[in-house]
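Based on the provided sequences and hints, a complete structural model is requested.
Residue numbers (numbering that gives the first Met the number 0), protein chains in the order written: chain W, 0 to 395; chain F, 0 to 85.
Treat the hints with care, since some could be wrong.
What the hints assert, rightly or not - Below are the DSSO-like pairs computed for lysine-lysine, each with C-alpha atoms no more than 30 angstroms apart in a straight line:
hint, chain 1, residue 1, chain 2, residue 2
1, W, Lys122, F, Lys5
2, W, Lys146, F, Lys13
3, F, Lys13, W, Lys277
4, W, Lys122, F, Lys13
5, W, Lys244, W, Lys328
6, F, Lys3, W, Lys123
7, W, Lys122, F, Lys49
8, W, Lys100, F, Lys82
What the hints contain is simulated information worked out from the structure, not anything from laboratory work.
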Amino acid sequence: MLKMPKDVVVLAEDKGRWVAMNVFTRTCIGLETSALDVLRKTELEGEGRVEQQFENSVFNIWEIEWFSNYKGLLADPTRYLRDMDDWEAVRQEVRITELIKSFRKHFLLIEDEDEYLKYFGPKKTLLDYEHSGNFHQQLGQHLLLEKREPPEAWWVRQKFSDDHRNIRQNLYKAVQEHSMRAFFSRRFKPGDRVLDIGCGTGFYANLIAETGATVLGIDPNENYIKLARNNAKNGASFELCEIGKPGAMDKIPDNSADYIFISDALLFYFVPFDPRYKGDIDRLFEDIGRILRPSGIFINVEPNYIFWLLPWLGEVDRPFTIMTEYSKKVYGVTPTISQLIQAYSKGKFLVASMEELYPDPSFALIDARAYNFGKQFPLWQLFELRKIPSETAGTL
Amino acid sequence: MDVKDKVLAFFRPKIKPSGKDENEFLNIEYMDEGIIDSMEIVTMIVEFEKTFGIHFSAEDMQSREFRNIGGLIGIIEQLMRNKKNA
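Dropping the structure here:
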């Protein structure tokens with residue numbers, strides 16, 4: 000007997016259409032009203048009876064679901080085609096058996112609750128489609144199998160312009176770059192020594208260098224370091240460094256940095272992109288504590304521990320979202336706030352300040368939905384941390 | 000060489016001789032058993048697509064059959080039949 004899991008929500012769209020969405024599996028389909036009626040009726044009256052009743056009917060459905068984060072890590076994560084003009088290309092006229100098959104495919108109707116629950120777990124291999132996996136796994140599967148793209152190239156492309164000198168016109172630019180420019184100009188001054196750990200292609204290291212500070216960017220990716228060196232601004236230098244491996248940062252002298260900056264990297268210490276290579280966060284914090292001068296500041300910018308990857312629902316100017324997990328994450332890949340702060344404390348750092356980052360108002364004209372969501376639900380947070388003086392460490 | 004021979008030729012060097020008969024061999028779930036890893040699967044897909052002039056769809060790769068050697072051979076043979084009939 001098919002049943003509709005209580006995880007399904009129905010959203011009203013324009014032109015009398017509906018989106019039926021399973022908010023746990025993040026799957027959905029566009030339906031005309033008569034097809035929506037069948038969804039409920041199948042549960043109430045049984046598949047056989049409904050098939051008989053609608054034997055001669057044809058239904059319009061729209062296969063609007065797609066892995067929208069492919070467009071960018073910060074693209075609309077809601078996973079359906081927003082623009083109704085795009086729906087036409089994915090419209091299907093289906094008979095009742097195909098309609099019910101489609102409901103099952105999108106987890107809008109399920110056969111067995113226990114079987115359904117088994118879906119929510121990590122993928123065992125790249126070919127595993129029987130488990131949802133987390134965001135990283137789904138992204139990897141999508142990139143490698145469906146798009147045949149090397150993930151490393153995608154990570155750079157989705158964030159930076161083709162010449163790697165600018166951030167693309169998306170929430171990265173509107174929130175991160177906008178906030179970082181303002182923060183760097185008030186925080187750094189000429190002569191400051193800054194270490195950027197996990198600098199990637201060096202974009203933020205270069206922005207820091209524009210304040211007159213001297214920046215060393217380090218990253219384990221050789222290609223990123225090559226790009227960073229090609230685009231290096233005056234005051235910025237870049238070194239290849241196997242961050243996270245024992246001894247990798249030993250060549251950086253003690254007390255040699257006034258500031259240490261890390262962005263979008265700590266989350267991978269909690270949920271690694273590849274489970275075989277889990278970094279040692281304690282070791283990382285030990286290195287940061289050693290390299291940072293006693294009154295120095297450790298600056299950490301990370302995706303928000305709640306709102307990143309939640310669907311952007313509601314009116315463009317009146318967003319809402321649905322949260323399905325926090326402490327036990329199946330899909331999410333960010334640590335909880337307590338995990339993060341406990342890691343800081345264990346690493347002998349105290350939170351000096353924290354701010355949530357919001358988009359630049361000018362972005363409202365470029366992508367109103369993204370702007371309004373990011374304005375209501377922050378997508379990043381910035382921590383400033385100070386070293387716990389050694390005489391007080393362990394007495395808190 | 001037909002599809003089966005070519006696919007078996009791809010996998011044979013990766014599988015330690017263990018006295019497996021052909022049926023056992025065809026039932027091997029090559030990723031679950033760690034015979035090829037995430038990067039090798041991409042190479043394998045591209046290689047088979049090139050060799051046989053086919054394209055695996057997302058649905059092909061999502062199917063249960065794709066995960067074992069025998070199932071994979073069946074999918075390739077079907078895609079080649081579809082190509083011929085197109």
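Structure-based check of all given hints:
1. W:Lys122 x F:Lys5: Measuring from Cα to Cα gives roughly 29 angstroms; hence the hint holds.
2. W:Lys146 x F:Lys13: With a Cα-Cα distance of about 26 angstroms, the restraint between Lys146 (chain W) and Lys13 (chain F) holds, given a limit of 30 angstroms.
3. F:Lys13 x W:Lys277: holds (27 angstroms)
4. W:Lys122 x F:Lys13: Distance of about 23 angstroms is within 30 angstroms: holds.
5. W:Lys244 x W:Lys328: Cα-Cα ~27 angstroms, so holds.
6. F:Lys3 x W:Lys123: holds (27 angstroms)
7. W:Lys122 x F:Lys49: Holds - the C-alpha atoms of Lys49 (chain F) and Lys122 (chain W) are around 28 angstroms apart, at most 30 angstroms.
8. W:Lys100 x F:Lys82: holds (26 angstroms)
Comparing the model with each earlier hint shows no violations; every hint is respected.
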